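Colleague: When the count follows my numbering, it moves up by one through the sequence shown with no breaks and lands on 191 for the last residue.
Since the hints were made in silico from the structure, they are not lab data.
Predicted, not measured: the structure shown is a model, and the values here were computed from it.
Glycine included, every Cβ here is placed at the ideal spot set by N, Cα and C.
Heads up, some of the hints might be wrong.
[Said to hold, decoys possible] Quick list of simulated restraints, FRET-style, between CB atoms:
hint	residue 1	residue 2	range
1	81	133	15 to 25 Å
2	71	154	35 to 45 Å
3	122	67	37 to 47 Å
4	190	79	25 to 35 Å
5	113	152	41 to 51 Å
6	113	144	35 to 45 Å
7	113	134	24 to 34 Å
8	188	154	37 to 47 Å
9	82	184	42 to 52 Å
10	113	71	31 to 41 Å
11	67	114	18 to 28 Å
12	152	190	45 to 55 Å
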Amino acid sequence: MNSLILRTTSRAVLPAALLFSVYVLLRGHNEPGGGFVGGLIAAAGIAVHALPRGRDALMALLRMSPKTIIGIGLVLGLAAGLPALLMAEPFLTHQWAFPGGVALSTTLVFDVGVYLAVVGSVLTFLSYYLEN
Numbered sequence: 060m061n062s063l064i065l066r067t068t069s070r071a072v073l074p075a076a077l078l079f080s081v082y083v084l085l086r087g088h089n090e091p092g093g094g095f096v097g098g099l100i101a102a103a104g105i106a107v108h109a110l111p112r113g114r115d116a117l118m119a120l121l122r123m124s125p126k127t128i129i130g131i132g133l134v135l136g137l138a139a140g141l142p143a144l145l146m147a148e149p150f151l152t153h154q155w156a157f158p159g160g161v162a163l164s165t166t167l168v169f170d171v172g173v174y175l176a177v178v179g180s181v182l183t184f185l186s187y188y189l190e191n
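Full structure from sequences and hints, please.
Modeller: Here's what the structure looks like:
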């Protein structure tokens with residue numbers, strides 16, 4: 060697909076979609092959103108960027124295979140459950156405080172894993188339909 064309009068507007072859509080997807084990912088703990096919806100938004104933004112440019116531009120943008128992104132997401136999702144398994148406590152209930160008041164929890168790690176798995180899955184599917 061070689062559309063001048065899509066190629067031009069995708070330059071603005073990609074950063075906006077990625078920024079909004081991270082916002083949705085981070086607010087998903089207290090309000091609607093989270094890793095799945097954020098991942099779909101990010102994948103849609105990347106797809107709009109890749110459609111007029113082709114598979115080579117997609118791979119250059121990602122810098123790694125979408126299947127590798129899926130694997131990283133799955134590893135993060137599994138790692139989020141390890142503290143509960145090792146300490147015999149409820150799933151995704153652990154939180155660690157860091158200097159400066161920053162809190163990281165197993166729920167956020169799990170959501171980031173879901174985010175990456177969704178982005179990788181959608182882009183793997185899309186990559187089979189893009190031209191070189």
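Colleague: Could you say whether the range 37 to 47 Å given as a hint is met by the Cβ separation of residue 122 and residue 67?
Modeller: violated (24 Å)
Colleague: Using the beta carbons of residue 113 and residue 144, state whether their distance is inside 35 to 45 Å or not.
Modeller: holds (43 Å)
Colleague: Taking the beta carbons of residue 188 and residue 154, is their distance inside 37 to 47 Å?
Modeller: holds (41 Å)
Colleague: Taking the Cβ atom of residue 82 and the Cβ atom of residue 184, is their distance within the range 42 to 52 Å?
Modeller: violated (25 Å)
Colleague: Lying within 31 to 41 Å: is that true of the beta-carbon distance residue 113 to residue 71?
Modeller: For residue 71 against residue 113, whose Cβ atoms are near 20 Å apart, the range 31 to 41 Å is violated.
Colleague: Just to be sure I understand the hint, the distance between the Cβ atoms of residue 81 and residue 133 should be within 15 to 25 Å; is that true here?
Modeller: holds (20 Å)
Colleague: Does the Cβ pair residue 113, residue 152 satisfy 41 to 51 Å?
Modeller: Roughly 45 Å apart at Cβ, these two residues keep to the hinted range, so it holds.
Colleague: Within 24 to 34 Å: is that where the Cβ-Cβ distance between residue 113 and residue 134 falls?
Modeller: The hinted range 24 to 34 Å holds for residue 113 and residue 134, with Cβ atoms some 29 Å apart.
Colleague: Does the hinted range 45 to 55 Å hold for residue 152 and residue 190 at CB?
Modeller: holds (47 Å)
Colleague: Does 25 to 35 Å hold as the CB distance between residue 190 and residue 79, or does it fail?
Modeller: holds (28 Å)
Colleague: Given a hinted range of 35 to 45 Å, is it respected by the beta-carbon distance of residue 71 and residue 154?
Modeller: holds (37 Å)
Colleague: Per the hint of 18 to 28 Å, is the separation of the Cβ atoms of residue 67 and residue 114 within bounds?
Modeller: Roughly 20 Å apart at Cβ, these two residues keep to the hinted range, so it holds.
Of the numbered hints stated above, those contradicted by the structure are hints 3, 9, 10, listed in ascending order.
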